[in-house]
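For the protein sequence lines, the chains are X and G, in the order given. Numbered according to the numbering used here, the first sequence spans residues 1 to 363. Numbered according to the numbering used here, the second sequence spans residues 364 to 457.
Among the hints, erroneous ones may be present.
Sample of chain X residues facing chain G (criterion: CB under 7 Å; computed from the structure) [as the list claims (entries may be wrong)]:
| no. | residue |
| --- | --- |
| 1 | P6 |
| 2 | M8 |
| 3 | L31 |
| 4 | A34 |
| 5 | T40 |
| 6 | R44 |
| 7 | L56 |
| 8 | D108 |
| 9 | H109 |
| 10 | P148 |
| 11 | F173 |
| 12 | R177 |
| 13 | S218 |
| 14 | G219 |
Using C-beta positions, here's what the derived DEER-type ranges look like [unchecked claim]:
| no. | chain 1 | residue 1 | chain 2 | residue 2 | range |
| --- | --- | --- | --- | --- | --- |
| 15 | G | D404 | X | R305 | 22 to 28 Å |
| 16 | X | D338 | G | R425 | 57 to 63 Å |
| 17 | G | D404 | X | R33 | 47 to 53 Å |
| 18 | G | I406 | X | V268 | 44 to 50 Å |
| 19 | G | I409 | X | R273 | 44 to 50 Å |
| 20 | G | Q391 | X | P351 | 33 to 39 Å |
With a cut-off of at most 30 Å between alpha-carbon atoms, the simulated DSS-like pairs for lysine-lysine come out as follows [unchecked claim]:
| no. | chain 1 | residue 1 | chain 2 | residue 2 |
| --- | --- | --- | --- | --- |
| 21 | X | K134 | X | K69 |
| 22 | G | K382 | X | K69 |
| 23 | G | K382 | X | K282 |
| 24 | X | K129 | X | K69 |
| 25 | G | K382 | X | K236 |
| 26 | X | K236 | X | K69 |
| 27 | X | K236 | X | K282 |
| 28 | X | K342 | X | K236 |
Derived by calculation from the structure, the hints in this document are not laboratory data. On a predicted model such as this, the values are computed, not experimentally measured, just so you know. Glycine included, every Cβ here is placed at the ideal spot set by N, Cα and C.
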Amino acid sequence: MNQPAPPMALLAELTHRCPLACPYCSNPLTLERAGNELDTDDWRRVLTEAANLGVLQAHFSGGEPLIRKDLETLIAHAAGCGLYTNLITSGMALSQARANALAQAGLDHAQLSLQDTDAAGADRFAGSKDTLAKKTASAAMLRNADLPLTLNAVMHRGNLDHLEAMIETALRFGAGRLEVAHVQYYGWALRNRAALMPTRAQIDRATGIVTAARARLSGRLVIDYVVPDYYASRPKACMGGWGQRFLNVDPVGRVLPCHAATTIPGLVFENVREKPLAEIWKDSAAFNRFRGTAWMPEPCRNCERREMDWGGCRCQALALTGDAGATDPACALSPRHDEMFKTAQSEAVAPAPEFIYRRMDGV
Amino acid sequence: MSAAIVTADSCPALARGVKMRFDAARQQWMLNAPERVLLLDEIAQIILSRCDGVVSVDALCRELALEFASPQEIIQADVTEMLAGMLHRGFIRI
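Chain X with its partners taken away, still in its complex shape:
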């Protein structure tokens, strides 16, 4: 195999600890405990190695990265390496002093999640209390610290009808960008799929709202929006292609092609405690397993879009077909596509079951 191009971005999952219990949590089913987490020196080395490898952006994520007391130290280190730094936070435990310290450390941008524009909904979808009030306060703190802000809204059947209010909230929060992110159904979210799946009519309405808002707010608010896989006809280039653009370092140092890759059985993930990041990026069997196009089955292998969508999402292929190497059922060319679409349709119109919340006991 040719040498892979350098990665563009590092997702640094500092911790799995989190104050929220979202039913669509994207962290793996088995969460890592605080005692196993990489320490400050480990992360400093990872960030330096990432910058040397050609990484341009470092996304500090989790769990909730604010739980790490060394977050400012790590942001300052990343900024010193020339990395563009982004904080992905729930904003549940922010203070003005902390926001100022993050800005002082050289943070370039913050992404704040919001579960709903309605206070009761925000509490219910996050499995927490005073969620909307705390996040509203955090948005103001981040803006007071002069940090550019993206509002991240994970959408599903329970809140998709509040999309217009979500756009207004992004403007009120002073965000320059809004990510309308539909729930991705693998890992924990798959357990709650029937409680979260929107109807086709909801999706169509949302698409219309986004199209109108993009025109109305051009130059003021950027809205990122992708039709969810279950209702799409072509898969999206998950992570920009496996092993093409992203690498993810989890709280204990495992290097993953995507944050959900641990759902795939049989893959062995190397650890930054044992090997240099550059070696892992180039040579690790897990990265090379689905990198490029040689692994692809038909009809992907000869598809004209094979280097556009890179075969879609491996975790989704696994979740829905039992085979991580199968054609992503999001693609209309997959033999499982109709089944996927019908599953979505029938779950979306059935009464929503209770959520199974994500809790991490003892932390």
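Chain X is fixed; fit chain G onto it per the hints.
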């Protein structure tokens, strides 16, 4: 709230959170923006490096017309179109 539009009087600047840098690994000018990277060609880099929030599109294009010995109206049409796209995608503000 209505859409923002680039005119001759606009004074564009990189949007908040957007940084221009030369990447040694790729030998390439680029914009780093929230969760996005935009690779810049030479012309885009020259134009954006002069977008300081003070100089107007009109003045900027007058300078470029002199330097590149081309009619200002042609340059201004191209520059305005490029900046309009950059504004819509959130890379600049006016």
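Here is what the structure says about each hint:
1. Taking 7 Å as the C-beta cut-off, the interface hint given for X/P6 holds, the closest approach to chain G being about 6 Å.
2. Because the smallest distance between the Cβ of X/M8 and any Cβ of chain G comes to about 6 Å, under 7 Å, the interface hint for this residue holds.
3. Because the beta carbon of X/L31 sits about 24 Å from the nearest beta carbon in chain G, more than 7 Å, this interface hint is broken.
4. Annotation: X/A34 was flagged as interfacial toward chain G, and the flag is violated, the nearest CB pair being 27 Å apart, outside 7 Å.
5. Hint status for X/T40: violated, given a least beta-carbon distance of 25 Å to chain G, over 7 Å.
6. The closest approach between the C-beta of X/R44 and any C-beta of chain G is roughly 20 Å, which is over the 7 Å cut-off, so the hint fails.
7. For X/L56, the shortest C-beta to C-beta distance to chain G is roughly 6 Å, which falls under 7 Å, so the interface hint holds.
8. Checking X/D108 against chain G by beta carbon gives a least distance of about 6 Å; that is within 7 Å, so the hint holds.
9. A least Cβ separation of about 4 Å between X/H109 and chain G falls short of the 7 Å threshold, and the interface hint therefore holds.
10. Taken as an interface hint, X/P148 checks out: its beta carbon lies about 3 Å from the nearest beta carbon of chain G, inside 7 Å.
11. Interface hint at X/F173: violated, since its Cβ lies 14 Å from the closest Cβ of chain G, which is beyond the 7 Å cut-off.
12. At its closest, the beta carbon of X/R177 sits 6 Å from a beta carbon of chain G; the interface hint therefore holds under the 7 Å criterion.
13. Of the supplied interface hints, the one on X/S218 holds, with its beta-carbon coming within about 4 Å of a beta-carbon of chain G, less than 7 Å.
14. Annotation: interface hint on X/G219 holds; nearest CB of chain G at approximately 3 Å, less than 7 Å.
15. Checked against the hint of 22 to 28 Å, the pair G/D404 and X/R305 passes, with Cβ atoms roughly 26 Å apart.
16. Checking the proposed 57 to 63 Å range against X/D338 and G/R425 shows it holds: the Cβ atoms sit about 60 Å from each other.
17. At about 49 Å, the CB distance of G/D404 to X/R33 agrees with the hint of 47 to 53 Å.
18. Taking 44 to 50 Å as the suggested C-beta distance range, the pair G/I406 and X/V268 conforms, at roughly 47 Å.
19. Between G/I409 and X/R273 the CB atoms are about 45 Å apart, so this pair conforms to the stated range of 44 to 50 Å.
20. Range check, G/Q391 to X/P351: about 53 Å between beta-carbon atoms, so the 33 to 39 Å window is missed.
21. Of the pairs offered as hints, the one joining X/K134 and X/K69 holds, with about 20 Å between alpha carbons and a cut-off of 30 Å not exceeded.
22. Distance hint between G/K382 and X/K69 is fulfilled; the C-alpha atoms sit about 27 Å from each other, no more than 30 Å.
23. At most 30 Å may separate the alpha-carbon atoms for a hinted pair to count; G/K382 and X/K282 meet this at roughly 28 Å.
24. For the proposed pair X/K129 and X/K69, the alpha carbon gap of about 23 Å is at most 30 Å, so the pair holds.
25. Restraint check: the Cα-Cα separation between G/K382 and X/K236 comes to about 27 Å, which is no more than 30 Å; the hinted pair holds.
26. This hinted pair does not check out: X/K236 and X/K69 have alpha carbons roughly 36 Å apart, beyond 30 Å.
27. Simply put, X/K236 and X/K282 have alpha-carbon atoms about 24 Å apart, close enough for the 30 Å limit, and the pair holds.
28. Distance hint between X/K342 and X/K236 is fulfilled; the C-alpha atoms sit about 20 Å from each other, no more than 30 Å.
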